[in-house]
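K.L.:
Working from the sequences, and respecting the hints, build out all of it.
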Amino acid sequence: MSADEVRAVRIVANGPIMVEGPARIEMPDGSVVESDRFMVAICTCRRSKSYPLCDTSHRRRCRGEEESAQRPA
1 MSADEVRAVR IVANGPIMVE GPARIEMPDG SVVESDRFMV AICTCRRSKS YPLCDTSHRR
61 RCRGEEESAQ RPA
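Take 1 as the starting number for the sequence shown in the working numbering and just add one per residue.
Since the hints were made in silico from the structure, they are not lab data.
Since the model is a prediction, treat every value here as computed from it, not as a measurement.
All residues carry an ideal CB built from backbone N, CA and C; glycine is no exception.
Hints are supplied without guarantee of correctness; some may be wrong.
Between beta-carbon pairs, the in silico distance windows are [to be verified]:
no.: 1; residue 1: Glu20; residue 2: Arg46; range: 20 to 28 Å
no.: 2; residue 1: Arg59; residue 2: Asp4; range: 35 to 43 Å
no.: 3; residue 1: Val9; residue 2: Val32; range: 30 to 38 Å
no.: 4; residue 1: Arg60; residue 2: Asp4; range: 36 to 44 Å
P.N.:
Put into structure tokens, the structure is as follows:
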């Protein structure tokens, strides 16, 4: 990818940040996580076991919250 190309980033409601890959993620502690996938899902809920990459843990959290909100008191 050249410096002139624009990388697409999409923020998913109640989900991850989707970044066109491959991607190199620099963590606050200086460590680096790399992914060679064509689309990389970056976790925003911090529940992922493979953080900073998304493992869909947000789905279990959202589903439970939706069900409890629909139950009568």
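K.L.:
Hints numbered earlier in the text: which of these fail when held up against the supplied structure?
P.N.:
The structure breaks only hint 3.
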